[in-house]
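Enquirer: Residues per chain, in single letters:
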Amino acid sequence: MALLQISEPGKSTLPHEHRLAVGIDLGTTNSLIASVISGKATILEDEEGSRMMPSIVHYDEKQIFVGVEAEKRQVQGPEDTIASAKRLMGKGLMDIRPEDFTVSLEDSAGNIAIHTKQGLKSPVEVSAALLKRLKELGEKRLGGEIMGAVITVPAYFDDAQRQATKDAAKIAGINVLRLINEPTAAAVAYGLDKKVEGNFVIYDLGGGTFDISILRLENGLFEVMATHGDSALGGDDFDHLIEQWMISDFDTPMPNIKTKQLIKNLSRKIKEGLTEKSEIAVNQSFDGLGTIKKTLTREKFASLSADLTNKTITCIKQALHDADLTPKDITGVVMVGGSTRMPIIQVAVEQFIGMPLLNNIDPDEVVALGAAEQANILAGNTNNELLLLDVIPLSLGIETMGDIVERIIPRNSTLPVAMGQEFTTYQDGQTGIVIHVVQGERDLVKDCRSLGKFTLKGIPPMVAGAAKIRVTFQVDTDGLLSVKAKELSTGIESSIEVKPSYGLEDHQIQQMLASSFSSAEEDKESRALAEIRVDGQQIIAMIESALEQDKNLLNPNEIDHIHVRVHELTKALATSDRALIEEKTKLLNEATAAFAAKRMDHSISKALTGKTINTLEF
Amino acid sequence: MTQNYFEIFSLPVAYTIDMNSLNQHYRLIQKSVHPDRFITGTDAEKQQSLIKSTQVNDAYQTLKDPVKRASYLIRLHYDKEESGLPPEFLMQQMEWEEELEDANEEQSLQLLSDKIEADKKIIENVLVVTLDEKKDWESALSHLSKLKFLTKLAGKIQQKTFALDVS
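Chains as they are written, first to last, in the working numbering: chain A, -18 to 599; chain B, -9 to 157.
These aren't lab readings, by the way, just hints derived from the structure by calculation. Accuracy of the hints is not assured; some may be wrong.
[Said to hold, decoys possible] List of simulated lysine-lysine pairs, PhoX-like, C-alpha gap at most 20 Å:
1. B/K150 to B/K105
2. B/K58 to B/K150
3. B/K58 to B/K142
4. B/K142 to A/K465
5. B/K36 to A/K579
6. A/K250 to A/K239
7. B/K36 to A/K567
8. A/K147 to B/K105
9. B/K36 to A/K298
[Stated by the list, open to error] Covered by chain A, according to a simulated footprint, are these stretches of chain B (three or more residues, beta-carbon under 8 Å):
10. 7 to 21
11. 25 to 34
12. 82 to 96
Virtual Cβ for every residue (Gly too), placed ideally from N, Cα, C.
Looking at chain A on its own, in the form it has when it is part of the complex:
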């Protein structure tokens, strides 16, 4: 689009260079990494030619085994092998069923901790181990350092789960370009592949989560119109039903963990087998339990799982309603996730929507491929103008008197979104206020998920009710919340102390980051210095190029001011003083904020008028 030639200062100001960017599907059962190679999204295979890595980590006394190596050790040492760690991300022990896991779990200050031979590990560290392995694989395949990654999360992930995913990437040393929703990624893969337009339903049934998204693709814009789902419903639940069916004739509890694991594995195999065959016979004896001799037919399985299937159809209905659409308005249904291979699911969805399903891209790979396409666009490697507009999946609210939730940001609001709210003090001289933020659709605080407590401090002492504190809740394009506060009568910016209900604190992440790299202190220091230097040089190059293009938007004083800051940063870059470079970089950014805003306004008016505006040259 020639009209928007200067509308993307971030992209166009630097000379073109191909940046290595990847898409990562961090799945409950399997994880994949993909990248756009010669214009085509491609799954990056490992040394053995595998396209998927089992999302399993095994800890022994000295080593960490990841993927296939961990899977090999699963039956022998299930108590040291962590599978489905994604189901633990951003959760507390109360939120999950510990008996679904073969590892022993405990509570650690509200978070889940996993017992391993190397001590307690958080689910974030386990995910980081998976991500680190994928990153190594990617860099090997692509032959260079990865500049950034798009990582996918279930659309229905809440703030704590998204933050946990981002923390895991940080510990793995991955620069996250964007977290995007799995169904959205799948839609990108189909949309870019087929170049179709219209309304799409994305039905995503993974190992541990279920999402429905309704997207509209029009003129290179992907708009998520509604999402719905259940973050605790997945293929694992279908396995679980088969497990229960198998042992339903025994009164005794599971004799040991190994038998439990064997039955778990067998259940999954039966489920997968029913995709091809109409019935599966079991005749096997289990240590401490006895012999299971039974046959599961597709019909029986359908009736066992009817409740689960219906639950997913109701979710589609609700999402369609939120998007103000009916099944007739739908152009296509995209099936995502290995669990959508189950014929019972396909029949149910096809019947409800009334059209054949789109499943010509492998449902296991489609998310990673779409994420790779999006990473390639975000890194500026392509002229594709596709823009994704995603939504917040769950409402944000704050606790008010009587444990009632007051909604501040409704679900399905397009991101980024912000909402302001005014608070006041109820006691004379009160200098602090605690705001409890929750996420969910229910009216009572106890029925929603607690995200954290924000303590506003430094409110100037006044009589009760006189202070007016404006609190802004901002949700960014990753779906992550940040909170800012200002006392309006004095203009004093209050400081905010955040105590997340779940998740890691900054110092814990730093610690994990440090322990995941064995390099010496001075190595780290020189690496950090090198990075900040490159950043500084890039900013100068971008600003100079922006000035060359758009200096007519500024007056001579403003231009001078920027030049002074550029000069100061240039001088700082010649030193090895990291703090100084950081400070001057920050000052240059501040000095160019108004310029950046003007350039954006300029590009807006150009986009709207559709013609070049002649401006005076200075």
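Using the hints, position chain B against chain A.
Expert: Relative to chain A, chain B alone:
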């Protein structure tokens, strides 16, 4: 941005709105300012893009929705935020609430829903006259209160329909 929400999208300040232009302009603007366009930009650009993209979303959501649009338009011209409802409407409210309570199957819920939607349309048409022609903000506020009530009621009907579905 010192522009009001209508100006952001280059639209006339009025309740009657060209939805096509709104949608089209919204998309064009987001394509220029969305944070995804500035992933490799400077921190200043990222910050500004987040602010602008957020404002544009807020403006769009406000103008797209008949209730929010009317409410915003009145606020631009008039100091009062609320207006009382006429007693006969309060009576009508109670009747509707009772009807909702008694409706326990899909058909009766659908019937009620159709009735409410038709009444919403009527009020929206009245708002066009009071806001765009008469510019009678006081009377518009009162009609808006009715529209707000009906919108809420429609939501409750929908929720009850879904609840029926699940059980």
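Enquirer: Hint by hint, note whether the structure agrees.
Expert: Status of the hints after comparison with the structure:
1. B/K150 to B/K105: 16 Å, holds
2. B/K58 to B/K150: Given that 20 Å is the threshold and the Cα spacing comes to 24 Å, the pair is violated.
3. B/K58 to B/K142: 13 Å, holds
4. B/K142 to A/K465: It is violated: about 31 Å lies between the C-alpha atoms, which goes past 20 Å.
5. B/K36 to A/K579: Between B/K36 and A/K579 the Cα gap is close to 13 Å, so the pair holds against 20 Å.
6. A/K250 to A/K239: 17 Å, holds
7. B/K36 to A/K567: 13 Å, holds
8. A/K147 to B/K105: 48 Å, violated
9. B/K36 to A/K298: Not satisfied, since the Cα-Cα distance of roughly 37 Å exceeds 20 Å.
10. 7 to 21: Answer holds; 6 residues pass the 8 Å Cβ test.
11. 25 to 34: holds (count 10)
12. 82 to 96: With 0 residues in contact (Cβ-Cβ under 8 Å with chain A), the coverage given for the region 82 to 96 of chain B is violated.
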